[in-house]
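Novice: Sequence:
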Amino acid sequence: MIRLYCDAARQQHSGVSTAGAIVIVNKQQQQFKTTLGPLPDNHAAEFAALLWILQQLPLQDAMLTIYVDSKIVADSLNKQYAKHYQAYVDDIWLILNQVKFVSIEWISEKENLGAHHLALQMLHQKNKS
Numbered sequence: 000m001i002r003l004y005c006d007a008a009r010q011q012h013s014g015v016s017t018a019g020a021i022v023i024v025n026k027q028q029q030q031f032k033t034t035l036g037p038l039p040d041n042h043a044a045e046f047a048a049l050l051w052i053l054q055q056l057p058l059q060d061a062m063l064t065i066y067v068d069s070k071i072v073a074d075s076l077n078k079q080y081a082k083h084y085q086a087y088v089d090d091i092w093l094i095l096n097q098v099k100f101v102s103i104e105w106i107s108e109k110e111n112l113g114a115h116h117l118a119l120q121m122l123h124q125k126n127k128s
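Position 24, counted from 1, in the sequence shown is what numbering that gives the first Met the number 0 calls 23; the numbers after and before it change by one each time, with no gaps.
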């Protein structure tokens, strides 16, 4: 079972967005963070963050639980529909269709602090450069 915690951070004025993720496999934790570039809004950043981390992981036939603190991401992926973000939903499901089992769960921001802090660290690093 793979447990994936994912979050995004976005700078309001520039749109520069970053992603942070914690992946736990067999009680071993890995941390990931990256710059996503400018995105139009925070929701797009949240979808892009999840898409990015899924692209980094070997998921073929995996059992996966995804934890996000964005209700729109969790709801849209569970319904496989998003009025304004359907392209992200489709791209994410292209990857998730390789997985043996997937559960997508909304958690509070407080429960997602690890991924949140990684995204913020990356955003602060980006602002310094």
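These aren't lab readings, by the way, just hints derived from the structure by calculation.
Bear in mind the structure is a predicted one, so any value in this text is a computation, not a measurement.
Hints should not be assumed to be uniformly reliable.
As the list claims (entries may be wrong) - Computed list of lysine to aspartate or glutamate pairs in DMTMM-like fashion (alpha-carbon distance at most 20 Å, straight line):
1) Lys70 <-> Asp90
2) Lys109 <-> Asp89
3) Lys78 <-> Glu104
4) Lys26 <-> Asp89
5) Lys109 <-> Asp60
Novice: Hint by hint, which ones does the structure fall short of?
Specialist: Checked against the structure, the hints that fail are numbers 2, 4, 5, while the rest are satisfied.
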